[in-house]
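Asker: With the sequences and hints as input, model every part of the structure.
These are the residues of each chain, in order.
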Amino acid sequence: MNIKSWFRPFEKISRRHAALISGFWLVLLISFWFIGTSGAKKLFPPPALVWQGFKDLYNEGLVVHIFSSLWLCLQATTISIVFSLFFAYLSPIPAFKPVVKMLSRMRYLPLTGITFYLAMIVRDARTMQIWVLVVFMSLYFITSLMSVFKDIPQQELDHARSLQCSRWEVLWEVVIKGRLDYVIEVLRQNLAITWMMLVTVESILVAAGGLGVLIKNSDKFMNHGRIVALQIVILLVGLGIDWFLDFSRRTLFRYSKL
Amino acid sequence: MTYHETSDSILTVENLSVDYDGKKIIQNINFDEKDITRPNKIQGQSIAFVGRSGRGKSTLFRCLSGLEKPKTGKVLLPDMHKHQGEAYPPMKEVGEGDVGFVDQKYTLFRHKTVYQALQFAMRKQKLEKSEKHDKIMVHLRDWGLETVKDQYPNELSGGQRQRTAILEQVLSHTNYIIMDEPFSGLDVGNINNVKSAFKLINESHELNTVIFCTHDIELAVALAESLYVLGYPTLENGRLEPIGTLIKKYDLKSMGLAWHDQLTNRHYDVVEQVKQSILES
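Protein chains in written order, with the working numbering: chain A, 1 to 258; chain B, 1 to 281.
Keep in mind that the hints were calculated from the coordinates and are not lab data. Some hints here could point you the wrong way.
For lysine to aspartate or glutamate, the following EDC-like pairs were computed, each having C-alpha atoms within a straight-line distance of at most 16 Å [to be verified]: (1) B:Lys199 x B:Glu155; (2) B:Lys124 x A:Glu169; (3) A:Lys257 x B:Glu5; (4) B:Lys92 x B:Glu14; (5) B:Lys253 x B:Glu14.
Over 10 Å on every C-beta distance to chain A, these chain B residues come out as not near it, computed from the model [unchecked claim]: (6) Thr12; (7) Asp103; (8) Asp216; (9) Lys248.
Even glycine gets a Cβ: it sits at the ideal position worked out from N, Cα and C.
Answerer: Okay, structure coming up:
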C-alpha cells in the first residue's frame, strides 16, 4: 500500500483504498464528536444525548412524521414536475419563450409575497403547504430544464431534421424523449433544495406533522439532542431519495451516462 | 473508364450566398453536376469539397442539405416524389430532409438502439413491418452491425457509430448524403469502412450521390468524380477576400482519374495541384 500516492493530485486509487480513506474520515469525525463533547463545556450535544433524542423521537412516531414529509414532498414534486415540464417543453417555441424565461426569472421573488397570494386562493393549510412547495420548486425546475435543453448540441437537432423529422418530431424525439433521463437528474439536484424547504413549509401547518414540525418543536424547547438527531434523520432520508433517483435513472435509461 | 454524361442535372447550385449577423460567409457559389451513366453498371456519384478551415465548407453543406436557408440563390435537386417511368424527375428546391446529413461526430439519437434508429429512419417508407425488419437485418449484416443491433450509441465503438450514422441515412431513402469530414479522426480500418460505404451507396442507385469534404486530398481524389476547391478569392490587389467561394473544379471523370482502385502518378499530380490551389486561397 503506497500511502504517499493518496496525497498526489489526480492519482487514481483502487476502490478498496478509496473505501479505506472514507472510513478513516468517518472514524475521525465520530472520534472528534465523542472527544469534543466529553468535557464540561460542550459546543455540540454528545452522542448519548443525540441517541436519547432519537429514541424519544422514535417513541413519539418519528416514522409517521417521516412518511408525512415524504408524502408532502411526493405530492409537491409530482405537480411541480408536470407544471415545469409543460413550460420547459414550450421554451423552444419562440412565441412562448419569453413566458418561460419570465417564469425562470421569478425564482428571485421572495417566497413571503407569494404565500400571501396563495393564502387567498387555497382552502386548507395542507394544500397551502403543497402549493408553496410547488411554486418554489417549479421555478427552479424550469430554470434547470431550460438549461438542459439549451445545451442540446445543434448536431442532434440537425441529425433529426436530416432524417425527415418535422420540427414537432424534433421536439418530441430530441428534446422530450431524448432528454428524459436528464429530467430525473434535474429532479435529483433540485430536490436537495426542496428537502431543506420542508422545514419552513411544514411549520405552516403543525397539525399535519412532518420532520419540519418535529425540528421546530425541538428548537423551541432548545432540545439539542433531538435537533441533531432530527438533522441526521433528515440528512439520511435526503441521501436515500438522492440514491433512489440516481439508481432509477441508471436502471430506466441504460443509455444515460451523465 | 467509359462513361456518358447526360444533360440531366443531379445537383445545381445557383448564386448561393450565406450571411451570419450581417457577415458574409460564402458567396457566388455556382455549379452544376450532371447525371452520368456507365455501361453495365449502376453508378451514383461522389463529389468532394476541399479547402482550408473556415472557408465555409460546413455552411455550404448546411445549405445543400436544406438545414440552412441561404441569403441568396438556390439549391436544386431532382424531385424523386414526381419520378414517373423512364422520364428524368423535374428539379425542385432542396428542403429539410431531402438530403441526408452525417456530421463529423456521427451524431445519433442517444435514446435509440442501433435497430430502433434504423427502424425510425425507415418510418416513412411504405413497406410492411416484416419487410422493414428484413431490410434492416440484411443491412446490419452487410455493414457488420448485427451483433450490436440492441446497443445504444454510448455502447458502440467509433467505427460502429460511424457505420450506423451512415446506414441511417441510407435507409431513410434519400438519394443524397452529405458527409462533413467523414474521415476526421478515424483509424485506417475505419477509413476503409467509410470508403466501402461510399462504394455501397454509389452502386445501389443511379442517382445516389455522396457529397463530402475532407482535409485528406489523396482520399478526395481517390473517391470523388468531381472535386471542388472552396477558398477565398484573390482580389485585384493580390489580397484574399475573406468570403468563401468556389475557386476551382477538377472533373476527375473527364480527366480519366475516376473509379480507379489504385492511385497513379497522374492522381498524385492532381493531388499536388489541389494542394497548391488550397494554399493560394
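Asker: The structure should be examined with respect to each hint, and the outcome stated for every one.
Answerer: Structure-based check of each hint:
1. B:Lys199 x B:Glu155: violated (27 Å)
2. B:Lys124 x A:Glu169: holds (13 Å)
3. A:Lys257 x B:Glu5: violated (51 Å)
4. B:Lys92 x B:Glu14: Between Lys92 (chain B) and Glu14 (chain B) the Cα gap is close to 13 Å, so the pair holds against 16 Å.
5. B:Lys253 x B:Glu14: violated (22 Å)
6. Thr12: holds (20 Å)
7. Asp103: violated (5 Å)
8. Asp216: holds (22 Å)
9. Lys248: holds (28 Å)
Checked against the numbered hints listed earlier, the structure breaks hints 1, 3, 5, 7; every other hint is satisfied.
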